[in-house]
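K.L.:
On the provided structure of chain A, position chain B as indicated by the hints.
Below, each chain spelled out in residue letters.
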Amino acid sequence: MSMTTTDGTFTHPALFYRSQDEYADRTVAFVREGLAAGEPVAVAVPGPNLELVRTGLGGDARDVTFLDMTDAGRNPGRIIPGVLRAFADAHVRVRVRIVGEPVWSGRSAAEYPACAQHEALINAAFAGRPATILCPYDETRLAPDVLADALVTHPTVIARGRERVSEAYDWQAVVARYNEALTRPPEAGVLAFGAGELPEVRRFAVGRAASLGLAGQRLQDAELAVAELTTNSVVHGGGGGTLAVWAEAGQVVCEVRDTGRLTDPLAGRRPPERGQIGGRGLLLVHYVADLVRVHTADDGTAVRFYLDV
Amino acid sequence: MDGADGPARVRTGAVLDVGPLAGRPGIRARGEIGVSTRLSWENALTELSRRHSEVSYVELSGVRFVDVAGVTALAVTAMNLPEGRMVVERPPPQLPRLLDLFWPSLRRIEVTPR
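Going down the list, the sequences are from chains A and B. For the first sequence, the residue numbers in my numbering are 8 to 316. For the second sequence, the residue numbers in my numbering are 2 to 115.
Just so you know, the hints here were simulated from the structure itself, not pulled from any lab data. Ideal Cβ placement from N, Cα and C applies to all residues, glycine included. Among the clues, some could well be false.
Stated by the list, open to error - If you want the footprint, here are the derived chain B segments under chain A, 3+ residues with CB under 8 Å:
(1) 52–63
(2) 73–86
(3) 94–103
One chain only, chain A, in its complex shape (with noise of 0.2 Å):
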């Protein structure tokens, strides 16, 4: 297996592994690789493989950045900005190397289109920089469907060790195909609002998120979070929106709707500048939930988050 680039083109092949032996070799290969190459490595992958590759690599381990998926990734929609792009811009000028892995098969449905949507937006993040984003794919446990939306994100597969180039290749199919149309319970408590309400649209918030069970830094972050939607929908939705709060599977959801159209399929996926002055309010969402969820269509936009109770 060799994938070693030494150009500025991005390289971004998905691994079809079948047992834990398979993982351990290919992943500790690639990173052994990166490393002979005097690249800088970062694996990121839920816990027990972090551990396979950990072991498997010995002593070389300690040149190498580790990061449980399951804690860095919950939600797909800060990887790119929070583990991707936060390990390559620490390391400019350089070609970076790094076995990222956000789907696992304890994925819910409610978060698994925001693992493929993440998954096609890699292409488009990391598009002409030098970088290789290997992403491990458990064929014996994950979906059929999933392993096909695979072959759709990724430009090349790696299979029983050799690698092709997939013939389904068409990232922008995925983002499009999970912009799904999102319903709110019919339980859900819903407030209007414009730009003189964003105070009262807050405490809402705050009032029905801590009586569904949210407390302490969670229910800060909720208040945070449904102000930086709100204000975009007054700035940029139309002027104002609608927020609903309500309670699903141990977790508080809130979601504003607005008739807005987000065009820009990397909006909050960027990570701004130091002294950049806009462009973090949809990051901020990305960073504090544990999922994020957006529909957009030309007659409004939903953006719905989810926090742990």
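P.N.:
Coordinates of chain B only, in the frame set by chain A:
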């Protein structure tokens, strides 16, 4: 009908009262820092940086809420100070949270908690 709570009361959103500190260099603010009060907040920060030397104080014990753009304005003002530091006193909880998320190594700002 109670006139004070009736139709005559116009909802104008967040209110912010901001001005110079008495006896020390810097500003104090009271209310909320959000999209409808951003201009007066930014103007006050501009005035602070114009008068700044060594240490400026930003007293926020009366501020209930500050949004991302409000903290961004503060951080960018601090970064652009030619020298010295900014001491932010008793801010609402959003401020240390956002500084920690977006400017974890910003030494120019010192926060004294509530």
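K.L.:
Count the residues of the segment 94–103 of chain B whose Cβ falls closer than 8 Å to any Cβ of chain A, and tell me whether that reaches three.
P.N.:
holds (count 6)
K.L.:
Can you confirm whether chain A covers the segment 52–63 of chain B, using C-beta to C-beta distances below 8 Å and requiring at least three such residues?
P.N.:
Answer violated; 0 residues pass the 8 Å Cβ test.
K.L.:
According to a criterion of three or more residues whose C-beta lies within less than 8 Å of a C-beta of chain A, is the segment 73–86 of chain B covered?
P.N.:
Answer holds; 5 residues pass the 8 Å Cβ test.
The structure shown violates just one earlier hint, number 1.
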